[in-house]
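K.L.:
All chains should be modelled from the sequences, with the hints used to inform the complete structure.
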Amino acid sequence: MIHRSVAQPDRLVPATALVIVLIAFLASPLISGKPMAVFDVYNALQGFAQLGLLALAIGITMIAGEFDLSVAGTYALGGILAVRTGETSPVLGVLAAMAAGACIGAVQGGLIARLRIPSLPVTLATYIALLGLTYAMSGGLSTTYRNSDATLWVDQTVGGVFSPRSLLTLAAFLAAAIMLARTKLGRELRAIGGDRRASRVAGVSVDRRLVGIFTASGTLAALGGALLAYSYASANPDPGLQPLILAVVAALLGGVSLAGGRGAPLGLLAGTLSVALLAQIVAITALPDFSTQLLYAALLAVIVAIESPGLRHIVDRARARYRHDTPVAEPDR
Amino acid sequence: MTPSPADRPLGPYLRVEGLVRAFDGVPAVREVSFAVGPGEIHALCGHNGAGKSTVVKLLSGQLTPDSGRIVIGGQEVGFRDRQAAQRAGVALVDQELSVVPALTVLDNMLLGDIHVPFVNRRRTAAAECRRVLDDMGLGRIAPDQPLSALSLGERQLVEIAKALSQKARLVILDEPTATLGDVETEHVFAAIRRVAGMGCSVIFVSHRLTEVLGLCDTVTVLRDGRSVATTLAKDLTVDELIVQMLGAAPRRLSAERASGQADARALRIEHLNVPGRLTDFTLTAQAGRVHALAGQLGGGASDVLRALAGLHPRATGVVTLHGRPIPFRDPVRAAREGIAFVSNDRKSEGLFLGTSVARNLVATRLPALARAGVMVPRRERRAARSLAERSRLPPHRLDERVTALSGGNQQKVFVGRCLDDGRVHALLLDEPTRGVDVGGRAEIHRLLRQAADRDLVVVFASTELDELLELGDVIVTMRDGRIVSRYEGDIDEARLLRDMTHGALEP
Numbered sequence: 001m002i003h004r005s006v007a008q009p010d011r012l013v014p015a016t017a018l019v020i021v022l023i024a025f026l027a028s029p030l031i032s033g034k035p036m037a038v039f040d041v042y043n044a045l046q047g048f049a050q051l052g053l054l055a056l057a058i059g060i061t062m063i064a065g066e067f068d069l070s071v072a073g074t075y076a077l078g079g080i081l082a083v084r085t086g087e088t089s090p091v092l093g094v095l096a097a098m099a100a101g102a103c104i105g106a107v108q109g110g111l112i113a114r115l116r117i118p119s120l121p122v123t124l125a126t127y128i129a130l131l132g133l134t135y136a137m138s139g140g141l142s143t144t145y146r147n148s149d150a151t152l153w154v155d156q157t158v159g160g161v162f163s164p165r166s167l168l169t170l171a172a173f174l175a176a177a178i179m180l181a182r183t184k185l186g187r188e189l190r191a192i193g194g195d196r197r198a199s200r201v202a203g204v205s206v207d208r209r210l211v212g213i214f215t216a217s218g219t220l221a222a223l224g225g226a227l228l229a230y231s232y233a234s235a236n237p238d239p240g241l242q243p244l245i246l247a248v249v250a251a252l253l254g255g256v257s258l259a260g261g262r263g264a265p266l267g268l269l270a271g272t273l274s275v276a277l278l279a280q281i282v283a284i285t286a287l288p289d290f291s292t293q294l295l296y297a298a299l300l301a302v303i304v305a306i307e308s309p310g311l312r313h314i315v316d317r318a319r320a321r322y323r324h325d326t327p328v329a330e331p332d333r
Numbered sequence: 001m002t003p004s005p006a007d008r009p010l011g012p013y014l015r016v017e018g019l020v021r022a023f024d025g026v027p028a029v030r031e032v033s034f035a036v037g038p039g040e041i042h043a044l045c046g047h048n049g050a051g052k053s054t055v056v057k058l059l060s061g062q063l064t065p066d067s068g069r070i071v072i073g074g075q076e077v078g079f080r081d082r083q084a085a086q087r088a089g090v091a092l093v094d095q096e097l098s099v100v101p102a103l104t105v106l107d108n109m110l111l112g113d114i115h116v117p118f119v120n121r122r123r124t125a126a127a128e129c130r131r132v133l134d135d136m137g138l139g140r141i142a143p144d145q146p147l148s149a150l151s152l153g154e155r156q157l158v159e160i161a162k163a164l165s166q167k168a169r170l171v172i173l174d175e176p177t178a179t180l181g182d183v184e185t186e187h188v189f190a191a192i193r194r195v196a197g198m199g200c201s202v203i204f205v206s207h208r209l210t211e212v213l214g215l216c217d218t219v220t221v222l223r224d225g226r227s228v229a230t231t232l233a234k235d236l237t238v239d240e241l242i243v244q245m246l247g248a249a250p251r252r253l254s255a256e257r258a259s260g261q262a263d264a265r266a267l268r269i270e271h272l273n274v275p276g277r278l279t280d281f282t283l284t285a286q287a288g289r290v291h292a293l294a295g296q297l298g299g300g301a302s303d304v305l306r307a308l309a310g311l312h313p314r315a316t317g318v319v320t321l322h323g324r325p326i327p328f329r330d331p332v333r334a335a336r337e338g339i340a341f342v343s344n345d346r347k348s349e350g351l352f353l354g355t356s357v358a359r360n361l362v363a364t365r366l367p368a369l370a371r372a373g374v375m376v377p378r379r380e381r382r383a384a385r386s387l388a389e390r391s392r393l394p395p396h397r398l399d400e401r402v403t404a405l406s407g408g409n410q411q412k413v414f415v416g417r418c419l420d421d422g423r424v425h426a427l428l429l430d431e432p433t434r435g436v437d438v439g440g441r442a443e444i445h446r447l448l449r450q451a452a453d454r455d456l457v458v459v460f461a462s463t464e465l466d467e468l469l470e471l472g473d474v475i476v477t478m479r480d481g482r483i484v485s486r487y488e489g490d491i492d493e494a495r496l497l498r499d500m501t502h503g504a505l506e507p
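In order, the protein sequences belong to chains V and L. Under the numbering used here, the first residue of the first sequence carries the number 1, and numbering increases by one thereafter. Under the numbering used here, the first residue of the second sequence carries the number 1, and numbering increases by one thereafter.
Hint data in this document are derived by calculation from the structure and do not stem from the laboratory. Please note that a few of the clues may not be correct.
Simulated pairs of lysine to any residue, SDA-like, Cα-Cα distance not exceeding 20 Å [what the hints assert, rightly or not]:
#1 184/V with 144/L
#2 184/V with 119/L
#3 184/V with 121/L
#4 347/L with 397/L
#5 167/L with 118/L
#6 184/V with 347/L
#7 184/V with 114/L
#8 184/V with 120/L
#9 184/V with 115/L
#10 184/V with 84/L
#11 184/V with 126/L
#12 184/V with 143/L
#13 184/V with 113/L
#14 184/V with 127/L
#15 347/L with 259/V
#16 34/V with 22/V
Please read all numbers here as calculations on a predicted model, not as lab measurements.
P.N.:
Printed below as a string of C-alpha cells:
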C-alpha cells in the first residue's frame, strides 16, 4: 500500500517521473558502454538551469489557475536587456532584465485581475508583442555579450556538478517552495487556483494575489533569460517554442494541473530535473536527436495515465467484480 | 477579542437602518431595518427572493448598499470588501461554501482569516484546528486531510467551524444547516449557543422554521425586500411565522396520501452493497407509491439512490425495474432503462448553469426533438412548454438563464426535466427540497405525488422529518448504511428520529 501522502497526485506524479528518469539515467552507461562521468551530471544540471526558471515561472501561474504564455517572450527580452545593459556590470544587467520582467508581469496581472479576463489571450498577445520588441531591439540578429568574465563565472563548476547558474536556479525553487508551503501567500495561491469564488468569499484579495503571481513569473522568466544569455555570451531575439513547450512538460510532470489549485515547487523541481535528465540521457547514449521528443511524449503519456480518473475507474470495477462474492448484475455484456 | 460581559456596549451591537440595494434597477432589498444585541441569536426569515441573501452580502462586505446605514458597535461602517468586514469583527458562513476542495482542512480554516500570521505556525494552528473540530463533533476528521475527501455535509461543518473560530463579534450564518442531518445540526447549534454565550451576536438565516424557533431569540421576517416584523421567537409558532412570511394564510403543505394498492410493477432492490457505505439493502418499491429513505448524513440513504443511478463504481447486488435488470456502475444505461436521478447537488450534478430554462428542461431528450440529428426548434419549444406547465414553472421565464431563477424554481427545473412519460419509470431524488423555500417545497411535493399517481416508482432520500412524514407512503429508516425499519401508514416523529439516530438495528 502506498503511503497516503505519496498517493496524492501532486506528489505521486513528480515522484514517479523522477524515479523513472533517474533509473534510466543511472542505467545509461550500460547502453553507451562508457562509465558515468561527473561531467554528465554537471551537464544535466546545466540543462536544468536553462529550463528551470521558465518552468517555475509558468508552473506557479498554473498553480494559481492561470497560464502565463508570455514567459517565453519575457525570457527572450530578459536575455537581450541583460546583454545590452550588463556589459560592464553583469549584476546591473540581470537587475535591469528582472525589473523589466516584473513590470511586464505586473501590467498583465493587473489587466487579468481588474478586467476579469482569461490569462491565455492576454499572455499570448504579450508573447507576440515581446517577440516583436526583441526583434526591433536586435534587428533579428543575435546580440553578442562581450564580458567573457561573466560568461566564465556563471558556468564555472562548483563542487564538481554545480555552477552558479544551476545553484541560483535551485535557490529560486527552494525559495518558492518555502513561500508556498510555509506562508499565508502560498495557501492563498493554491486557494485561488482551486476555487476563485470561494477564495474571494473567504476573504482572500484575489486581485492583488494575481498581480503578485504574474509579477513573480515575469521576474523569474527574465532572470532565466539573462543567465542563459550570459552563459551563451549571446542573446537570441527568438528562442522559438521549444523552451515554452519544455517548461509546460516540466510543469505537468511536476504534478501541476491545468485546472489549477494543485502542485508545489518541489514537484516542479522534480519535473524540470526529469526533463533535463532525459535530454542528458539521449546525449550520453548518443541516440538520434529525435528520440528526445519521443521520450518526452512517452513519459508524459505514462504520467498522465497513472493519475487518470478513467484508469482508477477501471481498477475500481475490476476490484468490485473479483473481490465480492455477491452476484453482480451485468446483463448482456 | 470577544468582549467579556462587563465591557459589552450598551444597546444593540448591530443596527441596520433603511437598507436599500438594487441590481440593474431591480430592487432586491427595498427597506430593511433591524437590530441585534450582543449575545443575541437573531433569525432572518423569508420566502425565496425576499432579500435575505442580499442583506447577508451587504453585512459581510460582498456588496455595498445603495442607501441605508449599517452601525456596528456604535460606529457606522461601509465595507468595501470581505477583509474590511473581518476587521470590524464580522465572520460569515456563506450559503455557497467558501472552502476550497484543493486545500487541506487546516489550510481552509486559516484561509482568508486576517488574524493569521504571514509565516505559518503549523503546530499551534493544527492543535487549535483539532480543538475546533472536536467541538463540532468532527473527531473523525484530521486537520491535514484534503477537503476534497470530505462529504458535502462535512465540508459545511468545516465551514461553520471556521467562522465560529475566527473570534468575531458578529457571526452571520446563511443557510448553515441546509446540507446537514439532525445530529450534525445539533452540534452546530451547540457551537452557535456557545459563541453567543460569550457575547457574540449571531445572525441566522434558514428555511427550516422549527430550527429557527428552537435556536433563535428574535426573528425578523423579510418579505419582498422589506423587513415586515421582528418578534421574540418564544412568542411565535411555525404557523404564525409562515403567515408572516407569506403575508397570507399558509396553504396546506402536506400532499394527499395515496391509498396503498399493491402493484406488480416495482423497482426491486436485492442485497445492494456499496463497500464502506451500504450493507445489504433490500427493498421492493412499488409503482404508484412514494418511498422515503430516512437517514442522517452518511446513513446510506443517499448511497442507495446513487448506486441505482449508476454513480457508485463499486456497488453490487441485483436490481430489476418492472422485471428488467438494471446495470450497475453505468449512469447512461441506468437512464436508458428508465431511471431518472435528481441529485442533491443541482449546481454540479443537475442543471446546465450557463444556459436557459428551456434548454435545461429538454436536455435529456434531445434525440426525440431532432430530425436527422439536427434540432428542430419548434419541437424543442413545444416540449419545453409542456414540461414547464407540468412542473408549474412560469412560461414567460423559459428563455431566462436558469441561474436567474430562485432555488425553488431551479429545483423545479431539475425535477421537471425528469418528468418524462414513457421513458422514465422510476424517479429517484436525493434531498428533493434542499435550499428550497416553503412554497416551492409544497409544489415539488405535489409534483412527486403526481408522478406517483401516473404510476411511476418514486423513491426519495431526506434528512428532514417534516418532509419524510408529509410525503412518504412507505418510510424506510436507515442508519450506518443499514435498514433499521420499514413503516407503512402512521409513524410518529419521535420513532422516526430514534431510528435515524440511535434505534436498535435489525440483526
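K.L.:
Each hint needs a verdict: does it hold in this structure or not?
P.N.:
Hint by hint, here is what the structure shows:
For the proposed pair residue 184/V and residue 144/L, the alpha carbon gap of about 16 Å is at most 20 Å, so the pair holds. Of the supplied pair hints, the one linking residue 184/V and residue 119/L holds, its CA atoms being roughly 6 Å apart against a limit of 20 Å. At most 20 Å may separate the alpha-carbon atoms for a hinted pair to count; residue 184/V and residue 121/L meet this at roughly 10 Å. Restraint check for residue 347/L and residue 397/L: the C-alpha separation of about 19 Å stays at or below 20 Å, so the hint holds.
Only pairs whose Cα atoms come within 20 Å are accepted, and residue 167/L paired with residue 118/L is accepted, the gap being roughly 18 Å. Restraint check for residue 184/V and residue 347/L: the C-alpha separation of about 30 Å exceeds 20 Å, so the hint is violated. For the suggested pair residue 184/V and residue 114/L, the alpha carbons sit about 10 Å apart, so the restraint of at most 20 Å is met. The straight-line distance between the Cα atoms of residue 184/V and residue 120/L is roughly 7 Å, inside the 20 Å bound, and the hint therefore holds.
Between residue 184/V and residue 115/L, the direct Cα distance comes to roughly 11 Å. Compliance with the 20 Å bound is thereby established for this hinted pair. For a cut-off of 20 Å, the pair hint linking residue 184/V to residue 84/L stands: about 18 Å separates their Cα positions. Taking the CA atoms of residue 184/V and residue 126/L, the gap is about 15 Å. The hint holds against a cut of 20 Å. Of the supplied pair hints, the one linking residue 184/V and residue 143/L holds, its CA atoms being roughly 16 Å apart against a limit of 20 Å.
At most 20 Å may separate the alpha-carbon atoms for a hinted pair to count; residue 184/V and residue 113/L meet this at roughly 10 Å. Restraint check: the Cα-Cα separation between residue 184/V and residue 127/L comes to about 18 Å, which is no more than 20 Å; the hinted pair holds. For the hint linking residue 347/L to residue 259/V, the alpha-carbon distance of about 19 Å falls within 20 Å, and the restraint holds. Restraint check: the Cα-Cα separation between residue 34/V and residue 22/V comes to about 17 Å, which is no more than 20 Å; the hinted pair holds.
Figure legend: structure checked against the earlier numbered hints; the only hint not met is number 6.
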